[in-house]
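Q: This is what each chain is made of:
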Amino acid sequence: MTGVTPTGRRIGVYICHCGGNISDYVDVAAVRDALKDEPDVVISDDPIFACSDGTQHDMIDNIQQDHLDGLVVASCSPKLHQVTFRNVAKRAGMNPFAYTQVNIREQDSWAHTHDRAGATAKAIGLIRAGVAKTRLSDPLEPLVVQTQPRTLVVGGGVTGLRTAIGLADVGIEALLIEREADFGGWVAKFGATFPNDASGAQEIADLLAQCRARRDITMYTGAELTGKSGSFGNYAAEITLHRADGDKTLTVDVGSIIVATGFDSYQPAEGEFGYGTDAVLTLPDFKALVDTSQGSLTYQGRPVRSVAYVYCVGSRQEAGNEYCSKYCCNAAIHASTLVDRLHPGVRQFHLYRDIRAYARNELSYNASREGGSTYIKFPDDTPPVVETTAQGGLEVNVTDLLTQGMELTIPVDMVVLVTGMVPRDNTALTELLKLPLGSDGFYNEIHPKLRPVETVVDGVMIAGCCQSPRTVGESVSAGLSAVAQSAALLKKGFAELDPLVARVDADKCRHDGACLTACPYNAITTIDWESKQVASVDPAVCKGCGGCVPYCPNGAIDLLGYTNAQMTAAIDELIASEEVMA
Amino acid sequence: MTTVDTRLMADLRRFGAAEIDACFSCGNCTAICPLADDDATFPRRIIRLAQVGLPDELIASKELWTCYQCGRCTDRCPQQADPSEFMATARRWAIAKLDKTRMAAAMYTSLWAAAVIATVWAVAFALFFASTRAEESRATLALFDFIPNTLIHTVGLVLIIVVFLYAVFTIVMLARGFARKQGVTAKSLFGGAAAWKRTWRAFWYAIGIEALGQKRYRQDCEDDQPGEPLYRRRWLIHALTVWGFLGLFAATILDYGLDILGLKATGTAVPIWYPVRLLGTVAGLCLIYGVTFLALRRWNRTKSGLLVSQPTDWLFLGMLFVIGLTGFLIEVALYVQPVQVWGYWVFLIHVAFAMELVLFLPFTKLAHAMYRPVALFFYGLAKQPA
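So the sequences go chain by chain: C and H.
The first sequence: position 416 = 408 (the working numbering), numbered continuously.
The second sequence: position 78 = 83 (the working numbering), numbered continuously.
In isolation and in its complexed conformation, chain C is listed as follows (with noise of 0.2 Å):
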């Protein structure tokens, strides 16, 4: 016993097995019997399964009966988890802040393996700190907050332009914000385009036509997002347009800000692969040749009658670009069924290191093969060489791996440099909107699977090549996830927040100043209170971090869900627990 008080509260402790993944090395049996003993815990069980849907009714229907104000399960990591019960609290009538996860098997039996005592110690030390926290626990209402249904799209190429008419077609009005002179971006700069060479110009043009069409959204080119204040639902944007009498700011309020800034094509640096030379070409510029080209193909003035194609050209390389753009294989494949069609007889060597031809891009692979192309698979380390012949002509040394590594000399009258997509530089819009950027520079997703287009930034999502290398239909994916995701945002009026946010006690503020600069997210201002200055928390810009908390002199900002009074409980709790085992 560890000498606390009955407080009144009626607190329901579950120790789970967790199959047999915790039961193994903690003596469940015992941790529950401690368990029973503590104050104002009235029940204390071992369930095999916590997570399982016989025990989360029984849960429900303890709570019921038994009038329970507190819920403590010791089983796995509150990632896992913590939802879970929070949601057994909440069906059963229990304020779901009033739940406590204790982890016993990360941070317990799997760590203890082979000290069955000390971990079965360790589980009673940590869920008594876990009762001690719940005991001390308030209920908490989520924070609303009402939202403008109104959503920035930055970025006017393909995903911006399609998720501008997704946006209006739920009813959320858009503005479109490009910060070139035309928009359409890279697309509309493209004719026919895989995987179904419709012209990628006209699919511009036709999202052009009907955005313009639409009189919920509002377009600017030659605009740029200068300025963000406000919180999640309410964002003012300041967006200033680049005219030519000068600069002009308007400022906008938004619900939620759609990122579709689009990618840069990899620039090869002078030399490589012959670049530089007359006749190597990047793919965007051959794309460019090929849509131009009227009967014969020919490069100034000189026919073309044989290709060859160096993939993985800055990709997927030790130093510098290690990731694969995946979309440059499929669209140098394309060009080269185009070239079969529009000019047969045009040789065709494709020079890759892996053909990632993925889903129906196959069959686009089969048909250029069958189309005459031929494809020699070079060795990583031995990648192909671009000589100049002494008559002027251009010829590619490659070693072949499926003719028995024979080094080959291909002379040919032209040399396409299959290049992936790099990351845009745009450092000003990274900083304004705190962006995470990834190790290879595109911006990060929370959550690659379950939340591919949220951001850490309430309210502010990404869509298309920002992100990563894809293709049009990807990237329109991402921007229409992008338009559902907005709509769960703001198409009620409201939303709800997590409670768990910073709070200060005006009382006791003396308004050092220190918290203001510690919170990484602005959520701390100053305002008037009673005759002096206080610092005040936004719930709907604060993340419940913390971070601000120890900053304070005078003790003034409390976390809810985590005040001081309930960490300083858990961990006297803790040690007390220690104390009594020695």
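If you're looking for bench data, these hints aren't it; they were derived computationally from the structure.
Quick reminder that beta carbons are idealized off the backbone N, C-alpha and C, glycines included.
Take the hints with a grain of salt, since some may be wrong.
Claimed, not checked - On the chain H side, residues computed to face chain C include the following (Cβ under 10 Å):
(1) M6
(2) S30
(3) G58
Place chain H on chain C using the hints.
A: Just chain H now, kept in the frame of chain C:
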């Protein structure tokens, strides 16, 4: 560094292999090929040489000529690239490439050219001999009074010598390619007793065991499921055609020899058991049997190696068949009374086609009869312990 010929595939496509671009080098064909072994892995490797564009390597590949076109690779190919037809195409291409007169290329790549060339030569030979014709005796079928045997022999000899010299020229070109690729030199062939022994063994393997004995073709059929009855097994049909052809050729030469030695004048009636005549009759039966089955099989496309037939395939079989058939009709005409005047004209056709067949040796499918043993010789060399 080997320089690629970017036009090779376009060149090859003129000879067939319409589906080969579908090949993605998986190697299933090599895995299933009963002839592929450590020294000769094909067809994949050979197909790759074509796809990449290495004509010198392709023509120096003896594997082109060891293939019997059994069609298993085509059955197994996941891309329906018809590798078996590719091998046949590459042989056509090689025959055409070795032929400097371009007659083979013309016949292989244009149906019209093939028809015109075959007809013109047949008609030319027929007209030439017809122009020398003398008496059509009604007493007996005196064929050599109709066309003098000396004339036939002289024309035949000249033709054989010319064709032989040309054939040697092309064979040397081919053999030099094989030798370069395989690293065979004059010294490794003839430098010392051990070298001679290896050379002789390889020669015996090529001519004795394979060309005459058809050993690997015989083995090739052993795994057939279901097994064909003996009378229409692939190797037997092919072997009977080869043996029939060689038997008839031998009978003709022997008959001429007997004439030169004064033992039996050409055209003298002899009984059926007379050795030379017996050889000719049996060989003729073999040839007719073999060619008939070959033609039936090609017509019915009974195996995957025969999905595509070129006009020149039919031309070759047709010529053999006509020569065999007219030969027997002459036999019939010789023993039927009263004398059948058509016998003289059948004889004329027989002679004209036989001459044409000899002439076409280096220019048509028959060329495999001279290139294949060369390839097998190098194959046999590679098999010999060093």
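Q: With a cut-off of 10 Å, does the beta carbon of H/S30 approach a beta carbon of chain C closely enough for the hint to hold?
A: 5 Å, holds
Q: Return the status of the interface hint for H/M6: holds when the least beta-carbon distance to chain C is below 10 Å, violated otherwise.
A: 5 Å, holds
Q: So, H/G58 near chain C? Judge it on the closest CB pair being under 10 Å.
A: 8 Å, holds
In this structure, every one of the numbered hints holds.
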